[in-house]
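One-letter residues, chain by chain:
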Amino acid sequence: MNDRGLQVNAGAIQTLPGQRSERMLAVASSIAKPDEGVFEWFGSLGIFAWRVLRAAVTPPYEWRELVRQLDEVGSKSFPLVAMAGAAVGVVISLEARYSLSRFGAKSMFPSTLVYSVIQVMGPIITGLVVSGRVGAGIGAELASMKVTEQIDAIEASAINPYRLLAATRILACILMLPLLTLAADACGLLTGWFAQALVEPLSFHQFIQSGFKGATFNAFLPPTFKTAVYGLIIGLIACFQGMRTRGGAEGVGRAATNSVVLGSLFLILADVVLVKFILVVFP
Amino acid sequence: MATAFDNAMKQTDFKEDGNAPFVAVENVHKSFGIHKVLNGINLSVNRGETLAVLGRSGTGKSVLLRLIIGLETPDSGLVRIHNQDIAGLPLDRMGEIRKKMGFLFQHAAVYDSLTVAGNVSFPLEHHRKEMSRPERADRVKQLLAEVGMEGDLEKMPSNISGGMQKRVGLARALALDPEILLLDEPTAGLDPISSGEIDDLILKLQRERQMASIVVTHDLYSARTIANRLALLDHGNVIIEGNFEDLQQSDIGFVKEFLK
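So the sequence lines, in the order shown, correspond to chains A and B.
Here the first sequence stands for residues 1 to 283, numbered as in our numbering.
Here the second sequence stands for residues 1 to 260, numbered as in our numbering.
It should be emphasised that the hints constitute simulated quantities derived from the structure, not laboratory data.
All C-beta atoms in this analysis are idealised placements derived from N, C-alpha and C, irrespective of residue type, glycine included.
Be careful, since some hints might not be right.
[Unchecked claim] Distance windows between CB atoms, simulated: (1) A/L53 - B/E257: 29 to 39 Å; (2) A/G46 - B/A20: 58 to 68 Å; (3) A/L269 - B/E257: 53 to 63 Å; (4) B/S76 - A/E36: 31 to 41 Å; (5) A/L269 - B/G88: 46 to 56 Å; (6) A/L269 - B/S113: 45 to 55 Å; (7) B/E257 - A/V57: 34 to 44 Å; (8) B/S57 - A/E36: 23 to 33 Å; (9) B/E26 - A/V57: 33 to 43 Å; (10) A/R54 - B/S113: 20 to 30 Å.
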C-alpha cells in the first residue's frame with residue numbers, strides 16, 4: 001500500500017481540479033488490496049459483516065473468548081482513554097475560560113465544559129484512542145494469524161472463525177466503547193474543574209451543580225451510547241482487514257495500518273451522521 | 001422450489017455408503033487468477049489407505065488438500081467426503097464434515113497464543129463439551145504421548161522446534177479421532193531422524209486407527225515408507241498413480257526424471 005500510496009500522492013501534485021474524484025478513488029483503492037477496487041472493497045466488507053452477524057446470532061456462543069476480549073478492549077484501554085480524557089478536559093477548560101471571559105460569560109464555564117466534554121470531545125477522543133490501540137491490535141493479531149494459517153487451522157478444526165475471532169472482538173468493542181467514554185468524560189470533567197479551580201476557587205459540588213443545571217438524560221445519553229456505533233466500526237474494520245490479509249510481514253503491517261486509518265476515518269464520518277441523527281431524534 | 005442452499009443442507013445429512021471411498025476428487029479444476037493450478041484431477045482414497053501425492057513445487061498439491069477440507073472451493077468438479085459433495089456448504093454445515101477430518105498444515109499452524117497442551121485441547125474444548133476438564137486433560141496427555149511430546153505440555157510454540165510444532169499439529173489433527181487425515185508435507189524441513197520419527201508415527205497411527213490418509217510430500221523415501229499408493233502430479237493433473245514399483249517401471253519421461 002505504501003508504494004501505491006506514494007505513487008498516488010506524487011501523481012496528485014500534477015492533476016487538475018477536475019480530476020479530483022478520480023484521485024480520491026485512486027487513494028481509496030490504494031487502501032484496498034492491490035487488485036481490488038473501492039466498490040469491491042465495500043462489497044467484501046458487506047459480505048464479511050453479514051457472515052459475522054450470522055455467526056454471532058447462532059449458537060454455540062463463544063462466551064469465554066468474549067470475556068477475554070472485553071478485558072482486552074475495556075480494562076487494557078482504560079488508562080489510555082482516561083489520560084486522553086483528562087488532557088482534553090484541561091485543554092477545554094483553558095480555552096473556554098479565555099473565550100468566555102472575552103464575552104463576559106464566565107458564569108457559563110461549568111456548563112460549557114460539561115457539554116463540550118460529554119457531548120463532543122469525550123466520545124470522539126475515546127473512539128480515536130480505542131481505534132488506535134484496539135484497531136491496530138486486532139488488525140495485526142488477526143493478520144498474523146491469517147498469514148501463519150492459524151485462522152485456516154481454526155476453520156479446519158470445524159470452528160467458525162467468524163464467530164470465534166470476529167464476532168467476539170466486534171461485540172467487545174460495541175459494549176466497551178460507551179463505558180470507556182464514561183471514564184473519559186469523568187476524567188475530563190475532573191481535570192477541567194481542577195484546572196479552573198487552580199485559577200479561581202470553585203468547589204467541585206458547585207461546578208457539577210452549575211454544569212448539569214437543566215440537563216436532561218437526552219442531552220447526555222445519546223452522545224455516550226453513540227460510541228457503540230464507533231465500536232462497531234472499529235471492530236468490524238479491524239477484523240475485516242486482519243482476516244483477509246495476504247503477504248507475510250508486509251501484509252500484517254498493512255492490515256494494522258489500514259485498521260487504524262480506515263477505522264478512524266469512518267468513525268469521524270459516522271460522527272457527522274450520528275450528531276445530526278441525535279439532534280433530530282433527541283431535540 | 002428448493003434453493004441451492006436447501007440442496008446443500010440436504011446433502012450434508014450423512015448417509016454413508018459402505019462402498020464409496022472416504023475421499024473422492026472428481027474432475028476438479030482450480031485456478032487463481034490466470035494461473036491454472038488443478039486441471040481436471042481425479043483421486044480417491046478408501047478406509048485404511050494412505051495415498052501420497054507427489055510433484056514439483058507449485059503443482060497444486062497443497063491446494064488439493066485445501067479443496068478436500070473445504071478451505072478452497074473448486075472452479076468445477078466435485079469433492080466428495082463420504083459420498084457427500086462439499087462444494088458450497090455453509091461454514092457451520094461444513095464444520096460437521098470437518099469434525100471427521102484432521103489436517104496437518106505444512107508449517108504446523110499451531111496457535112502461538114496457546115501452550116502445547118492448549119493447542120491440542122482446543123478442538124476438544126469446542127467439540128467435546130461432554131468431556132470433563134480432567135478427562136480432557138487426560139486425552140490431551142494421551143495424544144501428546146502418542147506423538148512423543150508428553151513432557152512439553154506447558155511450553156509455548158515459540159519455545160519448541162519446527163519438528164516439535166509438527167508433532168503438536170499432528171496431535172491436534174488427531175484430537176477428534178478423525179476418519180480422514182490430511183498431511184501437508186509432514187517431514188518438510190526436518191532432519192532425517194525427525195523425518196523418520198514422523199514417518200514411523202504416521203505408520204503406527206495408520207495401523208491403529210485405519211484412517212483414510214492423503215499425504216502431500218516431496219520426500220520420495222517418506223512417501224514410499226508410509227503410503228500404499230502414490231500419485232504424481234504434473235501441470236495440475238495426475239500423470240501416474242500406483243505403488244512405488246509402478247512408478248519405477250513407468251516409461252513417462254517426467255516420472256523417470258522425478259524418481260532420479
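Verification of the hints:
The supplied range of 29 to 39 Å is broken by A/L53 and B/E257, whose beta-carbon atoms lie about 53 Å from each other. Hint check: A/G46 to B/A20, Cβ distance near 39 Å, so the stated range 58 to 68 Å is violated. Checking the proposed 53 to 63 Å range against A/L269 and B/E257 shows it holds: the Cβ atoms sit about 59 Å from each other. For the pair B/S76 and A/E36, the supplied restraint of 31 to 41 Å is violated, since their beta-carbon distance comes to about 24 Å.
A C-beta distance of roughly 36 Å is found between A/L269 and B/G88, which places it outside the suggested range of 46 to 56 Å. Taken as a hint, the range 45 to 55 Å is violated for the pair A/L269 and B/S113, whose Cβ atoms sit roughly 33 Å apart. Here the CB-CB span from B/E257 to A/V57 is close to 55 Å, at odds with the stated 34 to 44 Å. For the pair B/S57 and A/E36, the beta carbons lie near 27 Å from each other, so the given range of 23 to 33 Å is met.
Checked against the given bound of 33 to 43 Å, the beta carbons of B/E26 and A/V57, roughly 36 Å apart, stay inside it. For A/R54 and B/S113, the Cβ-Cβ distance of about 26 Å falls inside the hinted range of 20 to 30 Å, so the restraint holds.
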